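Undergrad: So the chains spell out like this:
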Amino acid sequence: MRLDHAIIDRWIKPGARVLDLGCGDGTLLQQLALSKKIRGYGLEIDSANIQRCAEKGLNVIEHNIDEGLHNFEDKSFDTVIMSQTLQTMYYPDKILAEMLRVGRECVVTFPNFGHYKARLQLLFKGRMPVSEFLPYEWYNTPNIHFCTLNDFEVMCQQLNMTVLDRLVVTRNEKLPLSKLLPNLLGETGIYRVTRP
Amino acid sequence: MPFPADSVGLVVPQLITFNEPLTLTCGRSLDRFELMVETYGTLNANASNAVLICHALSGHHHAAGFHAAEDAKPGWWDAYIGPGKPIDTTKFFVVSLNNIGGCHGSTGPASINAATGEPWGADFPPLRVRDWVQVQARLADRFGIHQWAAVVGGSLGGMQAMRWSLQMPERVRHCVVVASAMKLSAQNIAFNETARQAILSDPDFCDGFYLKHNKIPAKGLSVARMIGHITYLSDDGMGQKFGRELRSGSFQHGIDEPVEFQIESYLRYQGTSFSKIFDANTYILMTKALDYFDLAREYKDDAAEAFKQAQADFLVISFTSDWRFAPARSREIVNALLKADKNVTYGEIDSPYGHDAFLVAKQPRYEQLFKAYMQRISV
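Top line first, the protein sequences correspond to chains X and D. So for the first sequence, this note's numbering puts the first residue at 1; every next one is plus one. So for the second sequence, this note's numbering puts the first residue at 1; every next one is plus one.
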């Protein structure tokens, strides 16, 4: 199991109503259905991913998240998840506000652009970072809004969000040092947030 | 000529008679009625693998397979029903009927009214979608099917599938709603009314008693079909298929010889051939049933409240170029289902075929999504 998925799994209450924004091939939803018996729904725009979700027997709805979540009621989900998708949004702040409206809690994971490898690529190569995790060139990447952990923290304050949990993970292991220097050593930020 | 391997092959329709009176939504009743029915596949021992196909405005019982070896075309949904197809007949027992009010063998306006010994004509009682559901339930009883594995339909057929889930929730496990809507828009009703007026204005309509007078309002019905047909295609699709190609005449000599665009000739052909096989009163009856369908009306116009009655899981599919039952209408269904906390899968299929897309073969994404959903159904 992916480490970020394992962490999210811990934060989901058994039987919760969960909305996964940009659910991909449904791996996380399927896992949560098994481990926590959630009532899960996935929103996805990619037809190949929708097909994979349908083949897994998941509730998947074709939906462009950039158009917002106007079709969902206030606080109608226990948890709204957005895993590795925030950086592809036209307006990350607006979709986060929508997530906080629809969900009692939100879980957001995103690639940390402040990771030392990204910094080194920019510093020494003078080129936009490309990694195994972010394998795109700058001109064809779907990831249009990168941020660092620090940037995300600032946005949380500006959007008046309460951070309930924050973790960073690196590949499939937790680095002890990442606790000291998360913005330098963490590859992925995982946040559990809410707004009163 | 052997039939294709993925075809249900030769099928024989059966006429089934029901002698128990049927009370209709309008308050009137039919003492008895007949249904023309086809089935494909085999009903399993505990009758848990039955799928009901609900047809649209001009559809009928012949959904798959061939009636004769020399048939040029198979049933209207043959692309999606058969061995290995989305509605897999090696897994499911498929029931397809001509609804009452229809004109393909089931009791309808062209049938003889036992009370008068003459065709019903305009005296045939008006029907609502819930009447069809009631009739289909009787058909299920006849086959010993307590619960459908799935009720499936496109357009007006999708409305029947949705109505099933509310009217007899315990009798439907899955509901497949393709290119449908919870109610028609004003524009939709306008098209239907224009079509009806075309029929009514034909002097051969004889107030609906044309059969008694040995007449057929072929011109009116033909125009009605042409209007309908335009709305079932998309602008782009029509442009790609017909463009501005001339079938006869030329732009230079337009005065001497009649200039005829391909689309004109196509529509005339469609209209004329339809008017030979379809009953005008049925067309009026079906379009009225469409107009009056309103899923949420008796739930204070709250569709989520309506769907709270349902126990089924749902697959909803729409097509991008469908402007008659646009994707926005399907999204309304999905939103209501979400609000009602029902299981739902929704796909918006990229297609140039307009509303007709739900019938068109060789659309891989439509086929795959439909198939994946049907495969998850346990029987």
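These are calculated hints, taken from the structure and not from any lab test. There's no promise every hint is true.
Quick list of in silico lysine to aspartate or glutamate cross-link-like pairs, DMTMM-like style, CA-CA up to 20 Å [as the list claims (entries may be wrong)]:
1) D:Lys300 - X:Glu73
2) D:Lys339 - X:Asp25
3) X:Lys56 - D:Asp301
4) D:Lys183 - D:Asp301
5) D:Lys342 - X:Glu137
6) X:Lys36 - D:Asp341
7) X:Lys56 - X:Asp66
8) D:Lys371 - X:Asp25
9) X:Lys37 - D:Asp341
10) D:Lys288 - D:Asp123
11) D:Lys308 - X:Glu73
12) D:Lys371 - X:Asp46
13) D:Lys339 - X:Glu73
14) D:Lys241 - D:Glu260
15) D:Lys276 - D:Asp71
Since the structure is predicted, the reported quantities are computational estimates derived from the model, not experimental observations.
Undergrad: Compare the structure with each hint and give your call.
TA: Hint check results:
1. D:Lys300 - X:Glu73: holds (18 Å)
2. D:Lys339 - X:Asp25: The given pair, whose Cα atoms are some 24 Å apart, is violated under the 20 Å limit.
3. X:Lys56 - D:Asp301: violated (34 Å)
4. D:Lys183 - D:Asp301: Holds, at roughly 11 Å.
5. D:Lys342 - X:Glu137: violated (41 Å)
6. X:Lys36 - D:Asp341: holds (18 Å)
7. X:Lys56 - X:Asp66: violated (25 Å)
8. D:Lys371 - X:Asp25: holds (17 Å)
9. X:Lys37 - D:Asp341: holds (15 Å)
10. D:Lys288 - D:Asp123: Distance of about 15 Å is within 20 Å: holds.
11. D:Lys308 - X:Glu73: Roughly 16 Å between the alpha carbons, so the hint for D:Lys308 and X:Glu73 holds.
12. D:Lys371 - X:Asp46: Within the cut-off at roughly 18 Å; holds.
13. D:Lys339 - X:Glu73: It holds: about 7 Å lies between the C-alpha atoms, which stays within 20 Å.
14. D:Lys241 - D:Glu260: holds (15 Å)
15. D:Lys276 - D:Asp71: holds (18 Å)
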